[in-house]
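Starting from the structure of chain A, add chain B where the hints point.
Taken in order, these protein sequences are the chains called A and B. Using the working numbering, read the first sequence as starting at 1 and increasing by one per residue. Using the working numbering, read the second sequence as starting at 1001 and increasing by one per residue.
Source of the hints: derived by calculation from the structure; they are not laboratory data. For clarity, every value in this text was computed on a predicted model and none was experimentally measured. Misleading hints may appear alongside valid ones.
Unchecked claim - Covered stretches of chain B (chain A as the covering partner; in silico rule of three or more C-beta atoms under 8 Å from a C-beta of chain A): (1) 1077-1084; (2) 1133-1139; (3) 1155-1163; (4) 1173-1180.
Beta carbons are placed, not taken as given, at the ideal position from N, Cα and C, and that holds for glycine.
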Amino acid sequence: MRQADPEGGNEMRARHVLPAVLLPLFLAGCASAPPGEVNDPYEAANRRVHAFNKGFDSNVVKPLTSHGGDDESNGESAMLLVTNVGGNLALPGKVVNGLLQGRPARAAQNAGRFIVNTTLGLGGLHDPAGQEFGLNEVDTDFGETLHVWGVPEGAYVELPLLGPSTQRDAVGKVVDLVIDPVYNIAGEPEVYYAFGLRVGSKAGERARFGDTVDSVLYDSADSYAQTRLLYLQHRRYELGMEGEAYDPYEDPYAD
Amino acid sequence: MTLTKTPMQTSSRRGFLGLLGAGAVLMAAPAWALNTDQARALVQQSLNEVYAVINSGRPPAQMYKDFEAIFARYADVDVIARSALGPKARQVSGQQFAAYKQAFQGYIGRKYGARFREFIGSRIEVTGARPMKSFFAVTSIAKLNGRAPMTVEWHVSDKSGQSKYFNIIIEGVNMLASERAEISAMLAANGGDIGALTAALQRAG
Chain A
1 MRQADPEGGN EMRARHVLPA VLLPLFLAGC ASAPPGEVND PYEAANRRVH
51 AFNKGFDSNV VKPLTSHGGD DESNGESAML LVTNVGGNLA LPGKVVNGLL
101 QGRPARAAQN AGRFIVNTTL GLGGLHDPAG QEFGLNEVDT DFGETLHVWG
151 VPEGAYVELP LLGPSTQRDA VGKVVDLVID PVYNIAGEPE VYYAFGLRVG
201 SKAGERARFG DTVDSVLYDS ADSYAQTRLL YLQHRRYELG MEGEAYDPYE
251 DPYAD
Chain B
1001 MTLTKTPMQT SSRRGFLGLL GAGAVLMAAP AWALNTDQAR ALVQQSLNEV
1051 YAVINSGRPP AQMYKDFEAI FARYADVDVI ARSALGPKAR QVSGQQFAAY
1101 KQAFQGYIGR KYGARFREFI GSRIEVTGAR PMKSFFAVTS IAKLNGRAPM
1151 TVEWHVSDKS GQSKYFNIII EGVNMLASER AEISAMLAAN GGDIGALTAA
1201 LQRAG
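Just chain B, same shape as in the assembly:
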């Protein structure tokens, strides 16, 4: 068992407790290959944290910061931000991309966080997980007040070196595609300038 190698990567982000958790997971899965149970656990854990924030009763602005932190912890922000930017991502410097990615992360936290009231008193049940292409699809059912149950699918991959989700599909509507359309429209509105797009993202959401 290669207990030493992989937990080190996660330690900086998840801290000591996370390290312990990762170690425990490794005991069960020697090669740290992502499997359906782990993908499922990842989604469940991030949902628990989201609901803890929703039920915290903190001021909205603070909640958006918390959602952003959860998003950064459980989602592969790098690949999502890169994919949203599309071909333009090839033309920008590392520094420009880092600034854009940071702004994108905050924008996601505010944009999706602003909908938190719809989730008060709701619950999302993780119902299953299955391998798909090179990643895993975790399925869940969202039961929101006064709405028919909705199917929410999470796509989880370990391609970044850590197990993270990179797409959420709600009743067939996929977040990655939606953000690609949105970011490309914002980029066009800002004359194709990455700096201006970054500034617009800092204000948006």
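Looking at chain A on its own, in the form it has when it is part of the complex:
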């Protein structure tokens, strides 16, 4: 990727990466919850962020991503295209992470997908890689890379605008921005377009999974607790770090 950088600025960027990579070592000192449990020492602050995020969702994100009514084929397909292009632009970063995790097969699959969809799929507008070549995306990020490297999960945190996370995943998000080849290669205006598409892609997901998001955020007795539970369980499942299966017949009254 470095050769492709016209300004040769990657040497500099690589040095910026280092402090971010070292940060998790400090986090490693933080206590991690045993599998299946929740480690949330910052709950009070997290709840304030959650209230802010919920307000942002109901006032900004939700109105923008739901077009009202069930028949919205035009808006939906435009949104799908943005989601596709944004998702395609996320692939090079996933290739890098696959390599950092020592999983070359997964990295190659994402690389192949990126090449096919960027060319035959017209910049990622369409998905011939998935539909015709069986090259589906292997989702990953630097948070997973840290997990593979043995960094513990850390505390649960809800980030402004970005939503539920853990200390490990929050660091991962920052590092992902820094190591993403797309942001490193793209010049001044393009980098903002790329970022905009990625944000649009997230908004597209909000629209597609709208009912799920709505039911968690607006129909739960405690949407903070539900968000935290769903995020942690799903994330641990993705990373293959699930705890023991729960058996209610052993003690149905347990806490």
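Positioned in the frame of chain A, the structure of chain B alone reads:
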């Protein structure tokens, strides 16, 4: 073979046809010990019924009642409701618990039933079953429109005296844990009062 004993327990709920079915199953499995094939069949059968309701085109309110009936038939509502209530379940009377359980069952039917549109045109394939701890885990893949396939795991046990599922885990997110968090939040919002929680559940979902 003890053909007389166990089918009687199931007859009240499943009726005559169910009795015949249970008898047929017993022929294959003398001791009525739940095995992987039976666990798998149970999940498949409940899925078939759920899809029959989804494709029935009936009004949503009627569908929610149908989903509730399926849930009551195939899931161990008692242990799920008890587990969702947590330590509080020890402090309530049998009558209070029964009322709460009934309300909980209706709430589940409405809450999860309300998502039925996402399942129109979808399919869920049962892919396998394996023993786990004291129960069985049945795995399936849900293929919903426009979404990557999702892994759905069902935990089936015969500890209640009947083979029923007591937990569903979708992509690692487990329903029992989610409902425990939800019910405990509702209980807290209702000042720890079981009657008020029951009334809230009758309105919720």
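Quick rundown of the hints versus the structure:
1. 1077-1084: Since 4 is at least three, the answer is holds.
2. 1133-1139: The restraint on the stretch 1133-1139 of chain B holds, since 4 of its residues have a Cβ under 8 Å from chain A and three suffice.
3. 1155-1163: holds (count 3)
4. 1173-1180: Answer holds; 5 residues pass the 8 Å Cβ test.
In summary, the structure agrees with every hint in the numbered list given earlier.
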